[in-house]
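These protein sequences, in sequence, are chains A and B.
FYI, our numbering numbers position 225 of the first sequence as 225, with every residue one higher than the one before it.
FYI, our numbering numbers position 287 of the second sequence as 617, with every residue one higher than the one before it.
Just so you know, these hints were derived from the structure itself, not from any lab.
It cannot be assumed that every hint is accurate.
[Stated by the list, open to error] Where chain B lies over chain A, by a calculated footprint (3+ residues, C-beta under 8 angstroms): (1) 27-35; (2) 78-90; (3) 118-128; (4) 133-142; (5) 238-248.
Positions of the beta carbon are idealized from the N, C-alpha and C atoms, including for glycine.
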Amino acid sequence: MSVTVEIERRGNGPQDRRWTCPACRTEHDHAAVRRNLWVCPECGHHQRIGARERISQLADERTFVEYWAHLRTLDPLEFVDLEPYPERVREAQASSGSTEAIVAGTATIDDSPCVLAVMDFGFMGGSMGSVVGEKLWRAATSAADEGRPLVAVASSGGARMQEGAVSLMQMAKTTCAVDVLNDARVPFVAVMADPCTGGVVASFVSLADICVAEPGALLYFSGPRVIAQTTRERLPADFGTAERNLELGHLDAVVTRAELKAKVGNYLRLLRGGGQHDGPGRRDSRRRGGRTRRLARAASARVAAAFKDTGSEPVGGGGEAPGASEEPPA
Amino acid sequence: MNLSEEAERLQELLKSRRHERRRHDTWLTVQIARNKDRPRTSDYIGYLIEGFEELKGDRLRADDRAVLGGLGWFDGRAVVVLGHQKGRTLDEQTRHSFGMARPEGYRKAQRLFALAERHRLAVLTFVDTPGAFPGVAAEEGGQARAIAETMLAMARLSVPVIATLIGEGGSGGALAFAVADRVLMQENATYSVISPEGCAAILWRDAEFAPQAAEAMRPTASQLLPLGVIDRVIEEPRGGAHQNPEAAARRVHEAIGEALTELEELTPRERRLLRRERFRKLGVWGGEGAPV
């Protein structure tokens with residue numbers, strides 16, 4: 001947990017700072033752990049990291065340009081629990097150094113250009129409110145417009161309760177954002193970092209083309225406490241872990257932090273590598289021979305002729321062929 | 331000096347009275363929404379849909395009885411209709427898992443959406459659930475993805491889609507059936523991101539504060555209308571829909587009928603784009619004036 005880091009920061013001076021692994025309790029040199037991407041050198045425990053740290057690990061050096069940082073959190077419900085919502089936001093801003101629970105912009109990852117959106121669990125539990133939803137919407141739609149893949153690193157406790165049903169709506173909004181990406185055939189890679197739960201998993205994250213998680217990350221919609229309260233079931237010891245999810249078929253891979261950048265870069269190259277792009281082993285990728293071109297043209301003319309006049313009358317009498325509604329503009 | 335102090339004191343008193351009043355009203359609505367005698371999805375199907383043919387199963391592994399769906403006639407046109415089914419007696423409620431759907435239920439919905447799209451049938455949904463079923467098997471069966479894919483399937487429909495909240499609208503489990511062109515909500519239904527008890531347990535660290543949490547989340551129809559979360563409030567008979575289910579159903583019928591007629595004026599493509607636009611606009615944020 002980031003708590004440990006905070007204590008260390010406040011504690012000793014910049015030299016000889018020590019870091020204690022929350023998993024195996026071994027002590028390590030602060031700088032060494034940082035060089036190891038905040039992974040315990042002893043047991044491989046992946047320490048939670050903030051959005052800025054994640055971006056510096058994933059994005060190629062000096063390629064990240066932040067966008068949409070000007071969007072500000074408001075208090076639509078004038079929500080007060082033990083503290084007013086704006087007060088909680090201010091505290092989160094002060095302690096995390098971010099304006100909201102997500103930081104987004106453009107970058108290259110292992111030389112592949114992308115739109116990169118990273119959630120920050122340290123900011124109110126990475127909860128998804130209006131600003132997170134709007135930033136994800138803008139990240140996805142600008143990715144679709146520019147044909148740049150979207151890479152999202154999600155770490156979240158779920159929806160932001162202080163925005164009530166408005167935060168619930170962000171699940172639908174970010175789902176629609178994925179719909180825009182899919183329509184534009186722009187790749188979407190999601191990385192789940194500990195913990196990734198609730199409304200964020202049950203919306204855009206699970207809809208990614210490729211969905212990977214860090215080792216040991218906890219991933220679930222309903223948490224152990226809610227399950228225990230409602231059904232009184234005994235939970236398996238590895239409930240919700242990335243490894244268990246991999247076994248169950250919910251993930252494409254579990255990827256260590258050290259491998260993450262190369263893997264994501266590779267996914268992006270592969271998803272963009274079909275035909276129009278250069279890939280390994282392809283010597284002359286762009287030029288099609290004259291014969292191939294002629295064949296392709298003749299085939300598409302035949303297909304077009306075969307489909308002519310088969311459009312059925314849709315509900316409401318819009319008069320569009322069934323296929324026509326498949327691809328609205330982004 | 332004394333006078334202004336007195337005025338201030340009275341202002342404070344007034345404010346706290348308003349709060350109390352609102353808390354009381356909201357909590358009352360939560361209780362009516364949860365009332366066992368409240369008409370269920372099956373009741374509204376009975377009143378609104380002629381010749382209902384239930385279609386069971388997710389075509390993969392099971393039939394989730396927390397979701398009731400099928401085909402039928404609404405005002406002369408065939409429609410796909412589905413909703414959470416809660417049941418009334420304890421036996422029924424247990425059989426229907428209190429309206430808490432499992433992945434099988436969401437996948438049943440997805441295959442009914444596909445059916446609707448293929449045969450150009452409008453989709454009517456009824457939302458009445460405390461939330462998605464929280465259990466190990468449901469989680470490990472892909473609950474999160476099942477909800478996400480159901481929302482995406484709804485977003486992609488080009489036929490008219492109308493969701494009506496008739497009781498509890500709990501969290502993602504409810505929203506999965508409400509990515510619609512029009513979201514209608516009965517006067518005493520609720521719609522919220524988490525149950526008042528769950529919210530109180532987390533933010534107040536005590537579930538006893540549920541009425542406070544309910545008030546803070548503003549889960550009632552009249553509170554959600556100005557936020558754009560819902561499009562129309564459907565009035566209920568005095569005391570709630572359970573006092574006169576038939577009259578309640580008449581009003582639901584009328585509201586759905588009007589919405590459907592409007593939506594049928596649009597092309598499939600327009601419906602999809604406008605639905606997407608409806609959800610894009612949801613949210614409240616500031617800072618747009620600042621330089622990018």
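How the hints compare with the structure:
1. 27-35: violated (count 0)
2. 78-90: holds (count 4)
3. 118-128: violated (count 0)
4. 133-142: holds (count 3)
5. 238-248: holds (count 4)
Checked against the numbered hints above, the structure violates hints 1, 3; every other hint is satisfied.
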